[in-house]
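Given only the sequences and the hints, what does the whole structure look like? Please build it.
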Amino acid sequence: MKITNKDEFYFKPVKTKLSDIELISLVILAEFKSIDPEHQLFRELKDTALENKIERSVYNRRKRKRFPYLEEIRLKMTEKFNEFKNYFVVDSMPLEVCKLSRSSRSKICKEQDHARPNKGYCASQNLHFYGYKLHAVCSIDGVFQSFDLSPASVHDIHYLKDIKDQMTDRVILGDKGYLSQNVQIDLFDQANIELETPKRKNQKDYQPQFYQFKKYRKRIETLFSQLCDQFKIRRNYAKSFDGFRARVLAKITTLTTIQYLNKFVFNRNNNNLKINLI
Numbered sequence: 006m007k008i009t010n011k012d013e014f015y016f017k018p019v020k021t022k023l024s025d026i027e028l029i030s031l032v033i034l035a036e037f038k039s040i041d042p043e044h045q046l047f048r049e050l051k052d053t054a055l056e057n058k059i060e061r062s063v064y065n066r067r068k069r070k071r072f073p074y075l076e077e078i079r080l081k082m083t084e085k086f087n088e089f090k091n092y093f094v095v096d097s098m099p100l101e102v103c104k105l106s107r108s109s110r111s112k113i114c115k116e117q118d119h120a121r122p123n124k125g126y127c128a129s130q131n132l133h134f135y136g137y138k139l140h141a142v143c144s145i146d147g148v149f150q151s152f153d154l155s156p157a158s159v160h161d162i163h164y165l166k167d168i169k170d171q172m173t174d175r176v177i178l179g180d181k182g183y184l185s186q187n188v189q190i191d192l193f194d195q196a197n198i199e200l201e202t203p204k205r206k207n208q209k210d211y212q213p214q215f216y217q218f219k220k221y222r223k224r225i226e227t228l229f230s231q232l233c234d235q236f237k238i239r240r241n242y243a244k245s246f247d248g249f250r251a252r253v254l255a256k257i258t259t260l261t262t263i264q265y266l267n268k269f270v271f272n273r274n275n276n277n278l279k280i281n282l283i
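Numbering (our numbering), first residue to last: 6 to 283.
Please keep in mind that the hints were generated in silico from the structure rather than gathered at the bench.
Only true hints are included.
Derived EDC-like pairs: lysine to aspartate or glutamate, alpha-carbon spacing no greater than 16 Å straight-line:
1. K244 - D118
2. K223 - E201
3. K22 - E60
4. K38 - E49
5. K219 - E201
6. K112 - E101
7. K11 - E27
8. K181 - E201
9. K268 - D146
10. K279 - D234
11. K20 - E60
12. K166 - D191
13. K244 - E101
14. K206 - D180
15. K169 - D153
16. K166 - E199
17. K115 - E101
18. K166 - D194
19. K169 - D191
20. K223 - D180
21. K169 - D194
22. K237 - E101
Structural data, given as structure tokens:
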């Protein structure tokens, strides 16, 4: 089952030994095998057919430039899963770029003023950190629909302003961090999105949230745990923001690829990620 028929995504004056689709396949393979350092990846490519097809510095540069095409492939797989889904879950997780004690002298990801990391706080983990937040929406079956990165100090609720441009006619489940009557009304009026969040006990007309919704909300927390455990998403080797976001996208795309192969090729439970694909 082909996801794309393209081998190259744009014209290049000189034909490369490694095509774009082969490069993306190599990126996904490296993430699946949890090979984060590129030095280690190229050690493993030694004495294989790929050894002389690309240099490490060229690999890194091409990987960053293929960001939009990697996202295009991920969205095609996501559409297969989520086209007829009505219930989704929204949440965020912290992504450090360095330890808080080093933040004042760190130069990581500071080349673009609009995308500079900063200090933030994660209430669920009682954690002060320096870096970014990963905001994401997934289906209740555990497939990421969309995601975004913001500086750590940005409140979760601001991500909901982008969701209305990406989805319509859906129910989105969030935790208490997304409580906002104005945002709920805006989402419903603009995109017919119903935002379901648990109420605080001191709120008027308090009622416990429907038990099944609580269960659905845990799905995205499991996905975040899998990204941290198997895909090492919190381990950062990038020095630029373009490199950082390319690494995050590669890990999420790899997770989606495994789910896609499980469901549509091997007929397995799509969330069994720690398995051999061959």
